[in-house]
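Line order of the protein sequences matches chains A and B.
Under our numbering, the first sequence has 232 at position 232, and the numbering climbs by one with no breaks.
Under our numbering, the second sequence has 299 at position 299, and the numbering climbs by one with no breaks.
Treat each hint with caution, since some may be false.
For chains that are exact copies, the list does not tell them apart, and a pair is met inside one copy or across any two.
To be verified - Dumping the calculated SDA-like pairs for lysine to any residue here, alpha-carbon to alpha-carbon at most 25 Å:
#1 232 <-> 212
#2 219 <-> 187
#3 307 <-> 57
#4 232 <-> 206
#5 232 <-> 302
#6 232 <-> 177
#7 67 <-> 86
#8 307 <-> 199
#9 146 <-> 162
#10 232 <-> 102
#11 315 <-> 191
#12 307 <-> 275
#13 44 <-> 103
#14 292 <-> 57
#15 292 <-> 185
Calculated directly from the structure, the hints in this document are not laboratory data.
Computed from a predicted model, the values in this text were never measured in an experiment.
Protein chains: 2
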Amino acid sequence: MTLNQLAEIIKSRSNIAILPHVNPDGDCIGSSFALQLALQKLQKDSIVIVEEDIPQVYSFLAGKYAKLNEIPSGLVFDTVICLDCGDERRLNDRLYLFESAQTTVNVDHHISNTKFAQFNYVDTYSSATGEIIYDLLSILGVTIDKDIAANLYVAISTDTGGFRYGNTTSRTHHIAAAFLDTGIDIAEINRRVFDTVSMARLKLVAQAINNIEFYEDGKIALIALSYELIQKMGITDEEGDGLSSLPRTIEGVEVGLLLKEKAPGEVKVSFRSNQYVDVSKVAASFGGGGHKRASGCTLNMDMMAAKKQILEAVKLAVIQGVEE
Amino acid sequence: MTLNQLAEIIKSRSNIAILPHVNPDGDCIGSSFALQLALQKLQKDSIVIVEEDIPQVYSFLAGKYAKLNEIPSGLVFDTVICLDCGDERRLNDRLYLFESAQTTVNVDHHISNTKFAQFNYVDTYSSATGEIIYDLLSILGVTIDKDIAANLYVAISTDTGGFRYGNTTSRTHHIAAAFLDTGIDIAEINRRVFDTVSMARLKLVAQAINNIEFYEDGKIALIALSYELIQKMGITDEEGDGLSSLPRTIEGVEVGLLLKEKAPGEVKVSFRSNQYVDVSKVAASFGGGGHKRASGCTLNMDMMAAKKQILEAVKLAVIQGVEE
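Just chain A, with the same shape it has in the complex (with noise of 0.2 Å):
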């Protein structure tokens, strides 16, 4: 399908339903929002539909939404748009909404979309789903307000770590620059998405800190979060993801390692690599996967074998990975 197709049967629908992935990240409420506001401007009942609350990061963005709670059941929607979702999966307890809708659309800009929709537009060139949704509207003819242009800011600037992950364009740049000719206060937004902190999240950086252990010669660094510290410190899944980028950063170091007991006998490990290392090949050998740069694995035993293991096989491609 394309844009223009898209565009054609929304034009020809009255009563859609977006529907974003669970645990929806800046990229897929942004780009939610800013479609549901389009289609209020063009006279179409549309809402998005969330299981979660918005998180609080967010709230600050426009746009008409319901949990899904709220929906009365045996209610159906002619047109349902899912946004920045993989597979149907992620539509988690939403799934019958998809089902029972007369027009499924599925938009996305993730390489593994399953294309599960009757109508699939997948761009795994642009940087976000906000991107396309940006095109979506110019085709519609929607003029881009304040409102859509704060979500799509988010939408984009958050799926590209603020403009700085590889995956940004010179088309980026540019659609970036239409947002700010509508002249929102992109130093509030940033403010609010980029540099806003919970203690709590502060206080677990710290406690990091202090216990970066590092192996051969600097060039790994590793994060270990035992189960007993996770409970002791109440860190949630999020808070603990978020120190997998940490490692990388220090001065000297190749790899970094987070490996995080989840439960007993079970510990998650995340590689992150700056230069050399295709961690995509260390994390396969234990049964995960991900990217040269990015990837992740989960093993089956205590902390400290997994400990063990793991840098066995990171230090083996650390001296590999140098002599190349």
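On the provided structure of chain A, position chain B as indicated by the hints.
Chain B alone, transformed into the frame defined by chain A:
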């Protein structure tokens, strides 16, 4: 002077020294190197002259430079171009090069610029001097290659906090897009510039986090670095100042304070606010100054007395701010 006139001056000269300000930052290094590479393409003798080593974080950038102590005494340049430099005092020991030159040029974006040269081009609308250099190279007909693009990308991204500050304009993004079109590896550049930290700095962050003090229901957060702690941890001025933004980022905080005892009886105070307290007024009441959201002052008293006075003033400003 217009940019076109500046381009004419440059075209007519052959022997050019480029002088960034002392304690050079990303904008002045990137702008200076980019201009030097462009002059080289135009077959001009040119060199960037600095007093300190180029900071490690920018050592990957290309450009011909020398330290002042490597310049033969008595050497005279026909033209000197000062970049990103608000007044001639920021040339420090290189002032004699400026004073002995036949033609002097001053290119900057700071509102406080004193227009100290024969030819001055000060554009306060530009987010960075790098934006001005981009325009200048365009007029000079110099093609932006990867080395020039990397320099100017660093110049602009550092002065805008990675496109996050309010000085970022839509034009800033359009210009960044032009740099990405050359094929530079922004993921690697951003990793080096924004996501690399020394272990000493992390240890200081951990120490600071564990010693943050809160006042007024968490609306004020304060970090105090005593002279004793600074000596014990070997904290550099730069490392200490780097903490000034941290307290403000904590959820619920309106004013973040850093008190640094530079010498016994001398306390430097950094004020940062988020939404409603004008910290320039608070700093001014202690003989300091700055902007609404970032200001500073120095108090000649011990830490305990300084903390008491500063907190009294800030509490009052917070209470008044809430009421407004």
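Hint-by-hint comparison with the structure:
{"no.": "1", "hint": "232 <-> 212", "in the structure": "both (19 Å within a copy, 21 Å between copies)"}
{"no.": "2", "hint": "219 <-> 187", "in the structure": "between (36 Å within a copy, 20 Å between copies)"}
{"no.": "3", "hint": "307 <-> 57", "in the structure": "neither (34 Å within a copy, 32 Å between copies)"}
{"no.": "4", "hint": "232 <-> 206", "in the structure": "both (15 Å within a copy, 19 Å between copies)"}
{"no.": "5", "hint": "232 <-> 302", "in the structure": "within (18 Å within a copy, 38 Å between copies)"}
{"no.": "6", "hint": "232 <-> 177", "in the structure": "neither (46 Å within a copy, 47 Å between copies)"}
{"no.": "7", "hint": "67 <-> 86", "in the structure": "within (21 Å within a copy, 54 Å between copies)"}
{"no.": "8", "hint": "307 <-> 199", "in the structure": "between (29 Å within a copy, 22 Å between copies)"}
{"no.": "9", "hint": "146 <-> 162", "in the structure": "both (19 Å within a copy, 22 Å between copies)"}
{"no.": "10", "hint": "232 <-> 102", "in the structure": "neither (49 Å within a copy, 70 Å between copies)"}
{"no.": "11", "hint": "315 <-> 191", "in the structure": "between (39 Å within a copy, 23 Å between copies)"}
{"no.": "12", "hint": "307 <-> 275", "in the structure": "within (23 Å within a copy, 45 Å between copies)"}
{"no.": "13", "hint": "44 <-> 103", "in the structure": "within (15 Å within a copy, 65 Å between copies)"}
{"no.": "14", "hint": "292 <-> 57", "in the structure": "between (30 Å within a copy, 24 Å between copies)"}
{"no.": "15", "hint": "292 <-> 185", "in the structure": "between (36 Å within a copy, 16 Å between copies)"}
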